[in-house]
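Asker: One letter stands for each residue in the lines below.
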Amino acid sequence: MAMPVVKAERCPVRSGDNVVRIRQIVRQWTVELGFSLVDQTKIVTAASEIARNTLDHGGGGEALVESLSEGGRRGLRLVFTDKGPGIENIDQALKDGFTTGGGLGLGLGGARRLSSEFSIESRTGEGTCVTLTRWK
Amino acid sequence: MKGTSSRLAEIIAKHEQDLLAQWIKEQTSAVTQRPDLMSEAELREQSRALLNGIRNAVQRGRLDDITGSEWESVRELLDEVSRGRARTGFSPTETAMFVFSLKQPLFSRLRAEIREPEALADELWTASVLLDKLGLYTTEVSQKSREEVILRQQQDMLELSTPVVELWDGVLALPLIGTLDSARTQVVMENLLQKIVQTGAGIAIVDITGVPTVDTLVAQHLLKTVAAARLMGADCIISGIRPQIAQTIVHLGVDLGTVTTKATLAAAFVVALERSGATISKGR
Ligand SMILES: Nc1ncnc2c1ncn2[C@@H]1O[C@H](COP(=O)(O)OP(=O)(O)OP(=O)(O)O)[C@@H](O)[C@H]1O
Ligand SMILES: [Mg+2]
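These protein sequences, in sequence, are chains A and B. For the first sequence, the working numbering gives the first residue as 1, with consecutive numbering after it. For the second sequence, the working numbering gives the first residue as 1001, with consecutive numbering after it.
Treat the hints as calculated values from the structure; they're not laboratory data. Where a beta carbon is used, it is the ideal one built from N, C-alpha and C, also for glycine. Where hints are given, some of them may not hold.
[Said to hold, decoys possible] Label pairs and their calculated CB-CB ranges:
#1 B:VAL1149 - A:GLY101: 31 to 41 Å
#2 A:SER15 - B:ALA1278: 22 to 32 Å
#3 B:ALA1267 - A:SER36: 18 to 28 Å
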């Protein structure tokens, strides 16, 4: 059964300003969904991590923000896609401390811990798609 | 293509001096002329250079497309003129008018030279479209250079909005407000380190109450700042960690273990005073 999407917005992920914009949209939409302050902060932070990865590691891409309503549940889903180099070893990339870019190497694993549902699809040389959902 | 059969090149080349004189006369009598912003000598020079550039370009290049290599020197000239004028206070419209005002003398000349009505109509159309493109090009450049000015101003503001304050002898505080992107954090960090050197402070409080999101990038910047301050002989305290931020940092897996953290700036200040040997008495 298709999940009812209440509203959706596509945003480019091509600059630092775009990342800021995505954080703002996620903040605003979770407020509208009635998320608690802690849950807002968690999903905004997760969005920031994956948006930054899309920009820095994926060479830029696109984000789809969706507000969901399923039965009594409400949530926010984020889909980040890029056509970058892809992730060779997803398990390794998810390990805390693993980085190829001089970061802390915590973004991907951290975002997974901050989400209710989390999935990565990636093909070397083709790109990466990260989907994360946080239910209220 | 109409461009190749145009007599424009020949006519401009033959009457260049005459056209230039007419054009300058046109400009100096126009309302958009700004003697307050530019001398007549400068106006003459810009007009001469542009007309000369157009003459050379129409001889070799297309008349319906100014993006080609034949038009490169004209584009460069217009870049320079537009940026220069934007800096001195011309509006984008005034700068575009500089190019558009060539139409009148050029059209008069075309009418005098071409007797056949249909041919004249064609040439007028070609010349008009060409000058429109060149004029609009200046508008684009003006727009871009305005954006550059705004960007510069924003960067200046970044520095202004991150003041390091000396709370007490040997105790600095850096209240961070807003989004901590890389450019801004760099400025902030450098300011703090410089102030530590200047004042010889032993303790620096970095307050993040005003930072909406602490992700791994922000955390890394904070950790680097703390490490650099340590190298300068100052201990850092991070304050203003709100409960939701604390929870999120834990989930991210960021280890602030080696850094003293406090919920509020006030609490951090108390710790700083204790460490610096000052005694606090509760006034009651
Ligand atoms: N969209 C992507 N495309 C290609 N590689 C990626 C992508 N996202 C993540 N990676 C790889 O996974 C690694 C781990 O990502 P993670 O976000 O955990 O750490 P990081 O971005 O290096 O540092 P930070 O802790 O600042 O986020 C990255 O270093 C990179 O090699
Ligand atoms: Mg990352």
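Asker: Between VAL1149 of chain B and GLY101 of chain A, does the beta-carbon spacing fit 31 to 41 Å?
Answerer: 33 Å, holds
Asker: Could one say that the CB atoms of ALA1267 of chain B and SER36 of chain A fall in the range 18 to 28 Å?
Answerer: 25 Å, holds
Asker: Has the hinted range 22 to 32 Å been met by the Cβ atoms of SER15 of chain A and ALA1278 of chain B?
Answerer: 46 Å, violated
Hint violations for this structure: number 2 only, all remaining hints satisfied.
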